[in-house]
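Protein sequences, first through last, are from chains G and Y.
For the first sequence, position 339 (counting from the first letter as 1) is numbered 564 according to this note's numbering, and the numbering increases by one without interruption.
For the second sequence, position 185 (counting from the first letter as 1) is numbered 410 according to this note's numbering, and the numbering increases by one without interruption.
The hints are simulated quantities; they were obtained by calculation from the structure and are not laboratory data.
Some hints here could point you the wrong way.
Heads up, the list lumps identical chains together, so a pair's fine if it works in one copy or across two of them.
Under the rule of at most 25 Å between Cα atoms (straight-line distance), these lysine to any residue pairs were calculated in the SDA-like manner [to be verified]:
(1) LYS545 - GLU668
(2) LYS535 - VAL445
(3) LYS395 - PRO261
(4) LYS264 - ASP568
(5) LYS436 - GLY624
This structure is a prediction, so every number in the text was calculated from the model and none was measured.
There are 2 protein chains.
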Amino acid sequence: MKEHMKLVKNAAGRMVPEKINGEPAIPYKGVGKYIPEGKKHAVTIKSCANFPDDGNKQVESLKQALINCGLKDGMTISTHHHFRNGDLIANIVFDIAHELGVKNLRWFPSASFPCHEHLIKYLEDGTISHIEGSMNGALGRFCSHGKMSKTAILRSHGGRYQAVQDGEVKIDISIIGAACADPFGNANGLYGQSASGLLGFALADSEYAEKVIVVTDKMVEFPCVPWQIQGNYVDYTVLMDKVGIPEKIISGTTKITKSPDRLLLAELTAKFCDVTGIIHDGFSFQSGAGGTSLAVGEYFKSIMKERGIKARFARGGSNKYLVSMLEEGLVDYILDGQTFDLDGVRSMADNPGHVWTSPFTSYNYHGKGNFAQLVDVVILGATEVDVNFNANVVTHSDGLLLHGIGGWQNCLFSKTVILPVPLFRDRIPIITDEVTTLCGPGELIDVIVTERGIAINPLRTDLIEKVKDSGLPIKTISELKNEAEEICGKPVKPKTGDDIVAAIKWVDGTIIDVVRKVVE
Amino acid sequence: MKEHMKLVKNAAGRMVPEKINGEPAIPYKGVGKYIPEGKKHAVTIKSCANFPDDGNKQVESLKQALINCGLKDGMTISTHHHFRNGDLIANIVFDIAHELGVKNLRWFPSASFPCHEHLIKYLEDGTISHIEGSMNGALGRFCSHGKMSKTAILRSHGGRYQAVQDGEVKIDISIIGAACADPFGNANGLYGQSASGLLGFALADSEYAEKVIVVTDKMVEFPCVPWQIQGNYVDYTVLMDKVGIPEKIISGTTKITKSPDRLLLAELTAKFCDVTGIIHDGFSFQSGAGGTSLAVGEYFKSIMKERGIKARFARGGSNKYLVSMLEEGLVDYILDGQTFDLDGVRSMADNPGHVWTSPFTSYNYHGKGNFAQLVDVVILGATEVDVNFNANVVTHSDGLLLHGIGGWQNCLFSKTVILPVPLFRDRIPIITDEVTTLCGPGELIDVIVTERGIAINPLRTDLIEKVKDSGLPIKTISELKNEAEEICGKPVKPKTGDDIVAAIKWVDGTIIDVVRKVVE
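Using the sequences provided together with the hints, build the complete structure.
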């Protein structure tokens, strides 16, 4: 059962707890309003005197490595999600913990996937106390139904780096699965059967965890180059038969949509960017790996070719479509945070213009700026948007927590944020009076593109001016909402109890909203 | 005048102070004996909210950047030495400080060069209180003669990283000169008129300084790739006409010696490595950029070609000779800490096998291992060696402090350490009863090669066994010392006073020795 929580209203008007799992929590204060005080997390100083003279840190098994790291009750254990739904490591880690009788672990993944359904039994038997990280599928349902013994905490990719850097989450042991590594611990995701491209989501973990284990199925002789993870942060290395399932590491979702409605969304989005001058020589963009986003990229491509212009950079996740733009000289650089297909992996390995980034460089809000804010336009998704342009990406209209935040919150700092969304899904309107869960404040969301019209945030008077006489179907967001409701009816609010099952952090570590237990 | 210092005998038998410049100092305890406690230095948490939305951190002048950083009396100011004797930045920084009337600054360069003689006037007028970093030429003489108002502290490259990481030296403002940068602060040393290769010596500064300024004479549009320095650590960027003098950045010293004596040293060294099996397929080596070291490399090359073997990696400083080995496939990788010529710069920019490293990966003793210890054989120089294999690299036999430690101490952790040294220089024997200044403990130094014979450290019974019947001129170190003294006479001890002008740190931050004032 969850602890009794005292709630306060945050700057977005949401009721949020002042403590989560016994730790103080800061309510969201508004965009750019919370300025942190204090120092970054400082880990214990190590000495080469306590590490092997010859640099060989290899031990015979992951179990041995975990024992050497002093695995014990109550620790925080981190893993990364570069292997996506093909990850084998996280399940094995907790199998070992269970075998050793260790209890009450906090699992701190950069994201979890359906393959981690295996861990529900450890959440039930107390091996794992709770998850802090995005939950997809079965784990999300488990959490939504209030079955996790503590409160989940969801963070953006940048927020996860911030939390580790700031000492909000102190990682005891980080287990970093790598496609390729050397016995010293240098590692990358570029080569081998489990190639995942890069390992940026594990960067904070390598830097700030007290103990770091690198696990690979391709151990090469020192030096493993490039060292996306630096062995100087690593305590132990382990060679296993298989760290991931290749066909599940590489996502099958990187296909351009064939749905006429989605293609229309993409086309309208691209036209909007063209008409407003967002697509100009030397511009920059980020578009996801979903079907609609990929289609937007293809429309961008044809506009750029037609105009004879190129982009200075595109932010990844990368895929074969983006790689083709790099190879055709339509973008100078891909600044990539995760590769979604083998073309992405190959390009990152071979092309100096395909650069691997990390949540530190790209997204961390508690740094001296980050890359996300330099992007001219970002195309993102949402499960819900409300009439104030607030958006939700973690829960569905039924209240179930089924998605992570990913880099979504971080990308809202781009110069123009566009959400192409269908007006309804399964006859449930996407545009509502108030989002079920607030993930992104409306003031940062500029444009909603639907198949029945485009709504521009009234704050963006510049964009409103530019689309005048463009022939684009510009509407107010209320008009769009009303159209959807005329067709589908007013959406019913999900049935939720009072119990808080998850907290949603803003990029600065404050609590922007909570997710409540769904009553079945 | 120096403060009164209480001295204690350290584990090497040297009298060292318990406090330096008012800060507690730990006497050297022996190799691997001092295990640090405590946490790494934690810098203040920053927020993107306090940095420009568009990521453009460029200000109109270095003076403005220094003012914005709050330059004031008593601060610690750091610079790097990748521009070597062509550096223009450090002098300008202190010109500005002087103009602003700021006093009592600690200058913390990764090394200083003869070009910094300009700063003597600021040491005299109190703008600069003292230097912590290697001093060559005029600054070394100034310090040796007791003219600096506080005590100098000399550290190895790895020790400098360690000191910053551990919070022993807290940098207030770091000024990082870069051949190439973008307005966000991403920077590298690879492109532009002031190309210096890499910027690894500034890594610690970028990570741990409270304020960081990047100064360049080639400002490119974001992103400056590769970002050897990450803009996420940078506060301000400045475009200047010229950050360095190209012909002085690229060292003129990378020429193979033509001296028959030096060539003999090199040949004996290479033969020794061949006979003992140190040169074997997949081995690794580090050899400096001095004339003798370069010749050793060339002998290695011909042995490798003859045997049909290759090295797994060579550690740089890189130069055209090492680059040719990479390009001919005789080494798989160059792991490079500084490029000494334009071939090195070109190779680092173009060849993925020519990898830039940093004192963190290569040398930091307070990490979980480092690269230096993985190297099979390292060839180093010395100004003096004593009968216990202790060696000196900072002072000459006349007591004058004329050199920095560089990576020398860090490299002593290589599997075999060889010092090829002439038996005498200017009729002064190099092998003495006791080194003037102890920089490296004899237990880490394996072989002394001179033109009149090779002495093997008695601790290395394995090597002694291997050279039996090799025909190599093996002698004891006392025999070599005696031979030199028969020719040149016993060397006179330098005339020094009691005043301590500089402290020499060991790789773990403890005090291994001091340098005393030279009486003229």
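task = Find the hints from earlier in the document that the structure breaks and name them by number, from lowest to highest.
result = 1, 4 and 5
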